[in-house]
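Peer 1: Just so we're aligned, residue 1 is where the first sequence starts under the numbering used here, counting upward by one.
Honestly, the hints are just simulated from the structure, not real lab data.
Quick caveat, the model's predicted, so the values are computed rather than measured.
Where hints are given, some of them may not hold.
[Stated by the list, open to error] Here are the computed lysine-lysine pairs in the BS3-like style, where the Cα-Cα straight-line distance is at most 30 Å:
1. K102 with K132
2. K132 with K229
3. K264 with K102
4. K103 with K264
5. K102 with K137
6. K103 with K137
7. K103 with K132
8. K137 with K229
9. K571 with K264
10. K61 with K229
11. K229 with K102
12. K264 with K229
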Amino acid sequence: MTNAEVARVFEEIADLLEIQGADAFRVNAYRRVARTVAELTEDVRAVAARGALAELPGVGKASAQKIVELLETGSLALRRELTAEVPESLLELLRIPSIGPKKAALLWRELGVRSVADLEAALAAGRLAGLKGFGAKSIAQIARGLAFRAESAGRTRLGEAWALAEELRAALGALPGVERVECAGSLRRGCETVGDLDLLCVARDGPPVVEAFTRLPRVRMVLASGATKGSVRMAVAASTIQVDLRVIPADVFGAAWQYFTGSKEHNVRLRELAVRRGWSLSEYGLTEGDRTIAARNEEDIYAALGLPWIPPELREDRGELEPGAVPDDLLTERDLRGELHMHTRASDGHHTVEELAAAARARGYAYICVTEHSQSSAIAGGLPVAALRAHAARVRAAAAQIRDVTVWIGTEVDILADGRLDYPDEVLAELDFVIASIHSGLGHDSAANTRRTLAAIANPYVNCIGHPTGRLINEREAMPLDLEAVAQAAARTGTALEINANFYRLDLKDQHARRARELGATLCINTDTHSLDQLDQMRFGVLTARRAGLRVGDVLNTRPAEEVRAFVERKRRGARA
DNA sequence: GCCGTTTTCGGCCCGACTGTTTTCAGTCG
Numbered sequence: 001m002t003n004a005e006v007a008r009v010f011e012e013i014a015d016l017l018e019i020q021g022a023d024a025f026r027v028n029a030y031r032r033v034a035r036t037v038a039e040l041t042e043d044v045r046a047v048a049a050r051g052a053l054a055e056l057p058g059v060g061k062a063s064a065q066k067i068v069e070l071l072e073t074g075s076l077a078l079r080r081e082l083t084a085e086v087p088e089s090l091l092e093l094l095r096i097p098s099i100g101p102k103k104a105a106l107l108w109r110e111l112g113v114r115s116v117a118d119l120e121a122a123l124a125a126g127r128l129a130g131l132k133g134f135g136a137k138s139i140a141q142i143a144r145g146l147a148f149r150a151e152s153a154g155r156t157r158l159g160e161a162w163a164l165a166e167e168l169r170a171a172l173g174a175l176p177g178v179e180r181v182e183c184a185g186s187l188r189r190g191c192e193t194v195g196d197l198d199l200l201c202v203a204r205d206g207p208p209v210v211e212a213f214t215r216l217p218r219v220r221m222v223l224a225s226g227a228t229k230g231s232v233r234m235a236v237a238a239s240t241i242q243v244d245l246r247v248i249p250a251d252v253f254g255a256a257w258q259y260f261t262g263s264k265e266h267n268v269r270l271r272e273l274a275v276r277r278g279w280s281l282s283e284y285g286l287t288e289g290d291r292t293i294a295a296r297n298e299e300d301i302y303a304a305l306g307l308p309w310i311p312p313e314l315r316e317d318r319g320e321l322e323p324g325a326v327p328d329d330l331l332t333e334r335d336l337r338g339e340l341h342m343h344t345r346a347s348d349g350h351h352t353v354e355e356l357a358a359a360a361r362a363r364g365y366a367y368i369c370v371t372e373h374s375q376s377s378a379i380a381g382g383l384p385v386a387a388l389r390a391h392a393a394r395v396r397a398a399a400a401q402i403r404d405v406t407v408w409i410g411t412e413v414d415i416l417a418d419g420r421l422d423y424p425d426e427v428l429a430e431l432d433f434v435i436a437s438i439h440s441g442l443g444h445d446s447a448a449n450t451r452r453t454l455a456a457i458a459n460p461y462v463n464c465i466g467h468p469t470g471r472l473i474n475e476r477e478a479m480p481l482d483l484e485a486v487a488q489a490a491a492r493t494g495t496a497l498e499i500n501a502n503f504y505r506l507d508l509k510d511q512h513a514r515r516a517r518e519l520g521a522t523l524c525i526n527t528d529t530h531s532l533d534q535l536d537q538m539r540f541g542v543l544t545a546r547r548a549g550l551r552v553g554d555v556l557n558t559r560p561a562e563e564v565r566a567f568v569e570r571k572r573r574g575a576r577a
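Required output: the full structure, derived from the provided sequences and hints.
Peer 2: Printed below as a string of structure tokens:
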């Protein structure tokens, strides 16, 4: 059973308990366990094997026993007992907007509704009318929710939400009386996917701003529209996303920004610190009785609680409140000196090396490396050996003419099914930098994938493993991989692990990158650019790295060109020694 | 169910909005 599967069972138990009307804190305790297991970088089976489950945050004796039971038997007695009382199919009702545990329970007990199909039938037959708490508007809301169910499913990729947020900031900022617009929520924290978009603005008069917000062109459905808050679904990519806008007085903006940035768990910790001092923290400020201690700026709130300002990417209740947990040299985009994974027209990219170099110069980079696909990646225009050599000669000739930016020639060589590389070593030895990636055979098991990756890492000419788990967010699962073994081998051999900044990939993901760093591995952040506009996706790689707590020195492409050369040479020399 | 610088019991965040209510419950974040 995977970590995700274990987490899901605990989530379902929480939902079932909630429908039953169980104590809300007990319900939350199960959700906490689900979150902890879902975010574990280590296999939960390994934690269970060494008897350390109860040491995990939010996991006590009872939950530890349940996890063991689940891993050993594949199911849980508690879950069976709950589903004997509450139909499992009720869980799908909870995903319909405006239906929560109470309404789901009422629909089931009063009307025998057990599933979405039942609900649609009951709605069509007019059986919802007259049910306690279900007026005409509630019923209409449910009907809209049902109609919207398909396209509102799932989370939006960070890059897509980012573009929408930029557009909305501009549109809202142009409204009369609006002084400031900011994003909060998981977008500001740089999460790989965003459930909904949270926008805050400062304006002299709230209602007209909320009104204008609900009339923006992308709005598909208005969920709420009040004096200080509006909530809508907007078209984004091929789907829709919920967008919430709140109008905040300027003098408490920092408190609101902090509050709505979250995460919820981070805020709970902060509130505990406040309560311990006899204070209270809300979106209106840090207060003692009627006296406001801090509210205008986030910095003041953190400072009053005895903390440094915590970057949003770290606000996940992963130890960021501990003394010294926030490094003063947390990576920023400005720290990057180059990019080591780029494609040109020679394989499946859209631009010439000269165009890439010009774009890199505009970004202030000191170096780039051109890395075409290798011969087995025929579909991506991979280069046979002779073509690679001719391409290398062209790139070196171009590099000699390019000022201000050092241009290296490398490759993104395929790791074949048996772990061999797609070019012989003597060809790789002619190149400046080698990325090795798995593009095929992603369906193998963890042992096979790990073996292939370790074989690539063992090659003296491989300097970086590209998109190590091969996932495509919302499209393809990460391939199973023993990240611990891979990161340890990478650390030992001087091989970098990539954080692929493309917002479809973000691979390694934040928690994996954090663990890889802990194990001593060097990371490398690349956009894997195929077209010039993709260079801007570096910001998503940097957000991911910041979520991982990476410092400047942890990332290969923050180093000067000569140090990158030395990184390559060290591994090659080590192999000869 | 979890947890502990108010520690083994008694807390565990709280406000906006909506709809259906005569003062509040449910949902959501």
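Peer 1: Take the hints in turn and mark each one as holding or not.
Peer 2: To see whether the hints hold, each was checked on the structure:
1. K102 with K132: Measuring from Cα to Cα gives roughly 11 Å; hence the hint holds.
2. K132 with K229: Satisfied, since the Cα-Cα distance of roughly 28 Å is no more than 30 Å.
3. K264 with K102: 23 Å, holds
4. K103 with K264: It holds: about 24 Å lies between the C-alpha atoms, which stays within 30 Å.
5. K102 with K137: 17 Å, holds
6. K103 with K137: 14 Å, holds
7. K103 with K132: 10 Å, holds
8. K137 with K229: Roughly 19 Å between the alpha carbons, so the hint for K137 and K229 holds.
9. K571 with K264: 44 Å, violated
10. K61 with K229: Distance ~42 Å between K61 and K229 Cα, so the pair is violated.
11. K229 with K102: 24 Å, holds
12. K264 with K229: Holds, at roughly 19 Å.
Consistency note: the structure conflicts with the earlier hints numbered 9 and 10.
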